[in-house]
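Engineer: Start from chain A and add chain B according to the hints.
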Amino acid sequence: MTNVSGAPGTAEKAGTPEPAGERRGSETLHFARRNPKLLIGLGIVLAFLLLGIIGPFFVDHDPNQYVGPRSQPPNGEYWLGTTTFGQDIWAQFVYGVRSTFLIGTFGGGVAFLIGTTVGFVAGYKGGIVDEILNMLTNVVLVLPALVVLIVAIAYLDVRGLFIQGVFIGLTTWPWAARAVRSQALSLATRDYVDLARLSGRRTWKIITTEIAPNMSSYLVMSFILLFGGAVLTAAGLDFIGLGPSNGVSLGLMLESAVAWSALQLGMWWWFIPPGLGITIIVGSLYILNVGLDEVFNPKLREL
Amino acid sequence: MWRYIGRKLFVYLLTFIVAVTINWMIPRFMPGDPVRSMLSRAQVSNPEALERMTTYYNEVFGLDRSLPQQYLSFWSGLLRGDLGISTMLYPEPVLDIILRAVPYTLGLLLPAILLSWIIGNRFGAFAARSKVLDNTVLPVGYVLTATPYMWLALLLAWSLGIVAGVFPVAGGYSYSLRPDFSWMFISSLLSHWVLPFLSLFIVALGGWAIGMRNMIIYELEADYANYLQALGAPRRLIRRYAFRNAMLPQITGLAVQLGTLIAGALLTEIVFNYPGLGTLILSSLNSRDFFLLQGIFLFVVIGVLIANFIIDIVYVLIDPRTRVQMTGGSS
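Line by line, the protein sequences are chains A and B.
Numbering-wise, the first sequence is residues 1497 to 1799 according to my numbering.
Numbering-wise, the second sequence is residues 3 to 333 according to my numbering.
It should be emphasised that the hints constitute simulated quantities derived from the structure, not laboratory data.
It is possible that some hints are incorrect.
To be verified - Distance windows between CB atoms, simulated: (1) B:Ile308 <-> A:Thr1601: 56 to 66 Å; (2) B:Leu11 <-> A:Thr1704: 29 to 39 Å; (3) B:Leu319 <-> A:Arg1697: 38 to 48 Å.
Stated by the list, open to error - Examples of chain B residues toward chain A, derived with CB under 7 Å: (4) Leu16; (5) Thr17; (6) Ile28; (7) Val145; (8) Ala148; (9) Pro150; (10) Met152; (11) Leu156; (12) Ala159; (13) Ala265; (14) Phe299; (15) Val302; (16) Val306; (17) Ala309.
The beta-carbon is built from N, C-alpha and C at its ideal position, and this holds for glycine as well.
Looking at chain A on its own, in the form it has when it is part of the complex (with noise of 0.2 Å):
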């Protein structure tokens, strides 16, 4: 170990592991195909982004105007029915999937970014620093996030996507710096980040090319997960109407089915699909994480 230290160590290793990876890449690829919980999922999810983007551009009306008749199921002209003031609701429905994946994106992305970065900088500084980063995990682990959001967000009179994104990512991190943290803890001691260590470069630029790069299917499932999770918070949020204020989301269609006695009126077409909508989506994701996680783990293959 101490007689391939220093720089030329470090670039003779850089240009080694570029056939393993490519390698690595092609095997993965292999079984990807071959997992049909991973394609199916991924078919699901590609799917439904793809009318999130597209969709809107064939709704020629704001979703919320009132342009039809009123309280119709679902027929040729309005393919999701209205709701009891005429709007349409495959409009909503379809402004609604967009904001869907905005969401979970955005808070998603938020709590992406700090997880991993208090997960990396604990598992890998360690002592003191991890500590104080594991406390302040605990801590925001144990607060209850929606109730936490619903105070905070109440105060608030003007709502909207960005501000809800930045809020869920604020509270749903620390179950992924704790994932993180635990793999980052395992991958600090290896050799070859001693030798990078060694070598003087910076904390952060280890972190960033010679850990994270070898978990790299360990983060893009903990983004899967906290996309999930955001998504169902934010229409947890919406339904207690807490959403974005003149916006559109499967959550606010809920919100209004209830609010508007849909149950009792017996109108099925209103609160069904945006359900069904986040239900699909976030399950398939979850399905899609699991076929990653057996594409990935060669232990879970053989199923």
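Structural biologist: Coordinates of chain B only, in the frame set by chain A:
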């Protein structure tokens, strides 16, 4: 062991302090005037009463004093059990309103959590590594965990409540009854309890089953399981050992999932208009009753902390290693 518990207690104390500080900070540092926005929603027609309420709330917020002083007086009020007075149900103390709602939430939450945990674990352990079951249980389980609590509640309320008409869908008991210990009241209470309980139970079940299934697969890879298998031990015996080992992370999981489960209970209550904390949150939001809202927040946090502590003690009792090592294994 004492070091472990002491460490945990310290984290909980810290969490409580953080929660109280959040509670104190939010109304003071968010934009807007909390007192005015609160009173503008509370429909008070009598100008004299409005005047009295305004001076009262200004005094409670103590906005004319310095920040550290405000913080200290906030704590001293809290430790005296004074959570302020509600605007929604003026002049009733917040504490009384919350204490009236807590039994309903607990009655819903405790059976749902415990039953879903026990049954989900059994089911997950049973499904692991048996091809057919695994391929059906896994997707169903994931879809269940992805289901928003309020949506499943809506589906159940609509299908079993309104279309089939088997169970009532609103309230904690029939509106024509008054709470007492008669048979009529208790049966009405139970029939109103079934649907909210069921929706919480079903969503939570999926998560536990998946967690257990994954843990069992992991345990069956372990050396002791392979060794037992090589010795020719019956499948059931290996499973039993794996199950006992897999239980431990599931107990920790219970503590981690607690926040999500409580959130689920609150959302479910709103759907069924169940007279617990969730419905109280909704009505306090609608009438901008921030004292009530913050009181509920503190109550939920205290509940979570107590539950976490109980889980920690159970963990120490069940896992002999934490007792021997005397270190904080899971933290």
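Engineer: Next, verify each hint and record whether it holds.
Structural biologist: Tested hints:
1. B:Ile308 <-> A:Thr1601: 56 to 66 Å: This hint is violated: roughly 36 Å between Cβ atoms.
2. B:Leu11 <-> A:Thr1704: 29 to 39 Å: 37 Å, holds
3. B:Leu319 <-> A:Arg1697: 38 to 48 Å: 47 Å, holds
4. Leu16: Holds. Min distance 5 Å.
5. Thr17: The hint holds - Thr17 (chain B) has a Cβ within 7 Å of chain A, the shortest such distance being about 5 Å.
6. Ile28: 6 Å, holds
7. Val145: Check passed: Cβ of Val145 (chain B) comes within 4 Å of chain A, closer than 7 Å.
8. Ala148: With a closest approach of 4 Å, the Ala148 (chain B) hint holds.
9. Pro150: 5 Å, holds
10. Met152: 5 Å, holds
11. Leu156: 5 Å, holds
12. Ala159: 6 Å, holds
13. Ala265: This hint holds: Ala265 (chain B) lies near chain A, its Cβ roughly 4 Å from the closest one there, short of 7 Å.
14. Phe299: Where the cut-off is 7 Å and the nearest Cβ of chain A is about 5 Å from Phe299 (chain B), the hint holds.
15. Val302: 5 Å, holds
16. Val306: 6 Å, holds
17. Ala309: 10 Å, violated
This entry does not satisfy hints 1, 17, going by the numbered hints stated previously.
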